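For the protein sequence lines, the chains are B, Z, X and P, in the order given. Numbering-wise, the first sequence is residues 1 to 167 according to our numbering. Numbering-wise, the second sequence is residues 1 to 167 according to our numbering. Numbering-wise, the third sequence is residues 1 to 167 according to our numbering. Numbering-wise, the fourth sequence is residues 1 to 167 according to our numbering.
Bear in mind the hints are in silico, worked out from the structure with no lab data behind them. Please read all numbers here as calculations on a predicted model, not as lab measurements. Each hint can be trusted.
In this list, chains with the same sequence are indistinguishable; a pair is considered to hold if it fits within one copy or across any two.
Derived EDC-like pairs (lysine to aspartate or glutamate); straight-line CA-CA distance at most 16 Å: (1) K120 to D14; (2) K32 to E54; (3) K16 to D5; (4) K35 to E127; (5) K2 to E13; (6) K2 to D14; (7) K40 to D14; (8) K147 to E127; (9) K100 to D21; (10) K120 to E150; (11) K32 to D21; (12) K40 to E13.
4 protein chains.
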Amino acid sequence: MKNADRKRTIIWEDPKKSARDAASISGFDYLKSIKDGRIKPPPVAMLVGYRIYEVDNGYAAFELNPAEYHYNPFATVHGGILSTLLDTTMTASVLSTLQKGYSCATVEIKVNFIKPVTAKTEILRCEAKPIHIGKRLVTVEGRLQDKNGELYAHGTSTCSIFKVSTI
Amino acid sequence: MKNADRKRTIIWEDPKKSARDAASISGFDYLKSIKDGRIKPPPVAMLVGYRIYEVDNGYAAFELNPAEYHYNPFATVHGGILSTLLDTTMTASVLSTLQKGYSCATVEIKVNFIKPVTAKTEILRCEAKPIHIGKRLVTVEGRLQDKNGELYAHGTSTCSIFKVSTI
Amino acid sequence: MKNADRKRTIIWEDPKKSARDAASISGFDYLKSIKDGRIKPPPVAMLVGYRIYEVDNGYAAFELNPAEYHYNPFATVHGGILSTLLDTTMTASVLSTLQKGYSCATVEIKVNFIKPVTAKTEILRCEAKPIHIGKRLVTVEGRLQDKNGELYAHGTSTCSIFKVSTI
Amino acid sequence: MKNADRKRTIIWEDPKKSARDAASISGFDYLKSIKDGRIKPPPVAMLVGYRIYEVDNGYAAFELNPAEYHYNPFATVHGGILSTLLDTTMTASVLSTLQKGYSCATVEIKVNFIKPVTAKTEILRCEAKPIHIGKRLVTVEGRLQDKNGELYAHGTSTCSIFKVSTI
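Using the sequences and the hints given, assemble the complete structure.
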């Protein structure tokens, strides 16, 4: 790669619009609308470059092309980028189970890093599903693999569920 | 903010150069050189927008201005961005203790999210220091606060230390 | 130690009595009463052999004499015993801040094991204090050291706070 | 239960013998020998009252009858007891994959508590299997359920693998 190519420009939409969209429909419908291009992804998805790949009731999958702009000082993808992808996918898998008027937030996340990711690593797929759905707290697990099933990172998180004001 | 302002362009350097720089001096000298502008920060620091604020033997602090481009679908800064900042700072605090020829990598990270961050939140400062430095494994803790000492997230991680080939 | 000495008998009180005691006073008063011998410790404290050493508002310390009956197959104290001590101390430090009519439970715990403990290890002291006290969730940290300040394990946990029916 | 019944006596064997046994055969053979009654369980298993239920290459299951002597001040089984069971089972599932001359130790454990356990809860079964087996570090997951598949706790851990001196 030439230095002139080491440039990345992202644009994003008013995040309040995205938040209103998210609040006006069920979690599943919101995620499906992003997947189908009817709702724009949130800013951080544009920044990091991940995209939703699949969503079902209690299941979410996101994809990321590892790139140089994800690199830490050691010329591998920063673990925080992998954590972001896991957090996104785990939260989405919880969101996919919630009715309109309910949302969720990550209380805590735990990630294990298994293998370094570089720009030469094939496209990464992150899959997640809830382990246990309680009234207020949900536990979730996620795995980050390439298409050959090679594992790069995995994690669990605890999410809280709460009511939101809808439109 | 107008939609025309919702655009961010980043540029970065050849990450192999950064990795060579990191391998050619001690961890402390590498971090100090980034702080003093003699070495360019790694690509992910340009992408996410954080910067080193202070480094000492067994201590690191980084700063981040929370911005709209960090937002998740709920119009708050994505937890993954906060995890990235904590991971960076915790790893740097370990790196600051290592001699030339040694490096470290995060084995696992655990983060608790305490309070939502928005673009209106003042500049965030993340501080970290090792809890225990073993021969091969180090445990670290970090906290993410604003300048008033308000806590937004905190975490711990386990890092592995290993020899690298130096120049 | 002779094989004839490898025997341990514990007795305990009706745990419903202990639970009623815990519900009838504030967390701090309950813990203080156990420390001062006015209320009997719960069964698990008799089983494992730990005891409260100090309690303050937002602080708890417990002690344990490591013994052969704590051993795993590798002739060291089982990590689960150390986790039990950390969980107890961390939860107690939260309980010490709660008014009568409120209790707490561990949502999740994370423990790092630093150094093996044997029966030759001096008495262990576990100290804990809350990191952040929210309305419903509290985060806590704890450390397990001997009297010389040697670190054997440390951890964090997330506790939930809830109302209980009082007498 | 009458107060006169609130008494428990345990006996155990010289743990050095158990450690020698563990070092003289493969992890799988050691666990199988305990299951089949040819080797005595370690002291902590006698103390807490759990027993091995099944072992295979990369799989372990343990059982526990929840009892009053496991109770915390709130008249439910102490989370540390559940953590001990999860730690035991997860470590055993790693041990089951190791050749003679290798052993493992828990570096860190993370447990989520889902539902309170009481003496009325049916027998608990804990199952675990490795997620990823590396050269030096292994990640593992475990779940604690009753026979109806009701989930009470789940966790993950990171174990280190190392050489031991054999007989």
